[in-house]
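*Asks:* Chain A is already provided as a structure; the job is to place chain B on it using the hints.
So the sequence lines, in the order shown, correspond to chains A and B.
Once you know that position 297 of the first sequence is 297 in the numbering used here, the rest is easy, because the numbers rise by one and skip nothing.
Once you know that position 105 of the second sequence is 105 in the numbering used here, the rest is easy, because the numbers rise by one and skip nothing.
If you're looking for bench data, these hints aren't it; they were derived computationally from the structure.
All figures in this text were calculated on a predicted structure; none of them were measured in a lab.
We put the CB at the ideal spot given by N, CA and C, even for glycine.
All clues given are correct.
Derived DEER-like restraints, expressed as beta-carbon distance ranges:
#	chain 1	residue 1	chain 2	residue 2	range
1	A	Glu276	B	Lys145	30 to 36 Å
2	B	Val69	A	Glu276	42 to 48 Å
3	B	Lys25	A	His13	51 to 57 Å
4	A	Gly46	B	Gly70	44 to 50 Å
5	B	Glu66	A	Gln121	37 to 43 Å
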Amino acid sequence: MLYRDALNLALEHALEHDHRVVLLGEDVGFYGGNYKVTEGLYAKYGPKRVIDTPIAENSIVGTAVGMAMMGLRPVAEIMTANFSMLAMDQIVNQMPKLRYMSGGKVFLPLVVRMPQGVAKQLGSQHSQSLEHLFASIPGLYVLCASDAVSAYHVLLYAIRMDDPVLFLEHVLLYGVDFPFEPLEGFDPFRARILREGRDVTVVSYLKMTHDVLKASQWLEEREGISCEVIDLLSLRPIDFETIYGSVKKTKRLVVVYEAPKTLGLGAEVSARVSEELFYFLDAPPLRIAGEEVPIPYNRKLELMAIPTPEKVYAQIVQWGRRHGL
Amino acid sequence: MDYEILMPQFSDTMEVGRVARWLKKEGDFVERGEVIAEIEAEKAVMELQSFKRGLLKRILVREGQEVPVGRPIALMELGERIEEVRRPTAPPTEERKAVPPPIEEAPKVVPTKPPERVELPSGFASPYARLLAKEMGLELEELQKEGRLPSPAHAKDVEGLLRERYFTPKALELLKEYELRAEDLIRALPDRKIDEDTLLAYVEREGIPKRLPVSSVQKSLISNLSKSFVLPHYHIYEVFDLSQIPWDKDITLTHWLIKIVGDAMQFFERLRALFKEDYYLLYPHSNVGVAMAVGEELYAPVIKEVNRKGLKEIAQEVRELKKKAEEGRLSLEELQGGTLTISNLGMFGIRSFDAVIPYGQVCIIAVGMQDEKGMAHITFTFDHRVVNGFHGALFVKHLKEKVLDRNYIRFLKKV
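Next up, chain A with everything else stripped away, as it sits in the complex (with noise of 0.2 Å):
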């Protein structure tokens, strides 16, 4: 199944069973979404539950968050996370405050949906990876989905919640076929371990999860190192108990997001894991991250700026050899 048909049956499912649940956002309704998630969902809901705004994105989300307080179960959608640039107000000010603010009287079932990433050249503008920005909020949830299953899951479980979510999606995985299967009792709190291993605990998220397991794949075939390649679903609050358990094992970390290296994720795991755990470490924990560059227009230069199977598996050769694996 398609990433985006996986999204598509988690918001059919929603507003099938939940009349509560209204979809808004820029083309989700007649055009089915700029990336085709909400495809059909217009025509069998109407313009009442799957509705078309103006391009405003602080109005998109304010209008949510109203919707939310009022009872409804809003999933708004921003095109892609360069535009929620402007819809920080309501996503910084007003959605993780109103649940405290108000003592836990107001409730706010609402998801802002939003892709992120590096595509395939469509600037720096539309490049970017903002998870860090939105995990640093206290009071947001942030999930995020690397594959059909997760994307159904996860999603569904976000919508169900009577929290505000901030829901990220990839832009390149829409395309992407996935098995599917629909599973009893998912937790998007809980990172999954894609892949057992022994020497070096991987941790990533949305796409590059895929880059990672294929460069353990070859780091296996090739050079004999084994990765346990963990995969975070919600980056805010991130799921810490895991990765001890695995780094208990393993000894070594490593995480790799497409974001630029400073102030990413990576540095709060890296971090926690050098708090938690220090005298279990065997080398200083690695990231691997985004060149510290706008993302560039021209392809090559464009996959230089962010990590590829490629780069991890030679970056993770190297930080081997240096720290005695």
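*Replies:* Same frame as chain A, now just chain B:
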């Protein structure tokens, strides 16, 4: 675009192949038809020839690795031989990094020069190495001053030292076989060097199982037998009077039976058949497989056109095939094409047994021990889809008569 060399399918039943040996290395120029690698599959070793000419750019699969049929195992840059001008001996890593390949390919940014290991004055160690050393009672700093540990020391260095200090080399090998952790043993058997005998005694006391990997030959045997065992089959048991057969050390009973069965097959076309769902493929000649144990493995190479060959020729061929099997050099050609196989366990004093038909064949004949009167129990297993009971019975009857036909036996002996 690079040309992908795929794992070929050498036979209908082949699903995975193992790269036994690369005969070319990265950067070699390959002519069309040149052998690039040796592939092991279905118990045989085959040569992989190149269909194209060009530069062998990258090897994706290391020796000994198993790969499903159709998966790329190497990349080639097609074209004529280009002199060294375009390819400096070691392209700088930076230049390679600059052109990351499409995502679907194998890693290209291979560090050409291993980066330097971090080096510090003695006294440094990773936190975990320190923990480990403390647990094991090692004085890290002293060992570093003596030069027996690097600085900074990592877990691997400490573990290596522990192994060296507490284990003999033989014992270390055994550790792997029994999947034991060195630290556990040092804790269990403190304050002494652990040699082979100590380790074996420990293993016996604790009842720890040994790990014996399944060989690729056995894997292919298992997969084929599992497929053929579920096919509809039946047995015919019969006692044969083999007293007329004058076998000796050079031409054994097995050799005789190959010849006699091969001749008998000429009268029964269904025993020379391959089942193809809608039709049978009937071969003109009798191709008889012989089951032979070589070390731990079972092979069943095929003697082709038995009906046209003499006893001595057959005996010679069986011996040659056995030798090849021992050297692991049986070709697929030599393992394929049989429709019937003979398995003889009589020499071990086995009175009677039945066997599983090799996948794709029609019949297997299980020969038991000859008693003092020359009688032997023989079990026939037939594929019911090809040979019905009636034909099976006729074939067995025909064979029974043949082994008693003195003129025929005398004739065979002369040829």
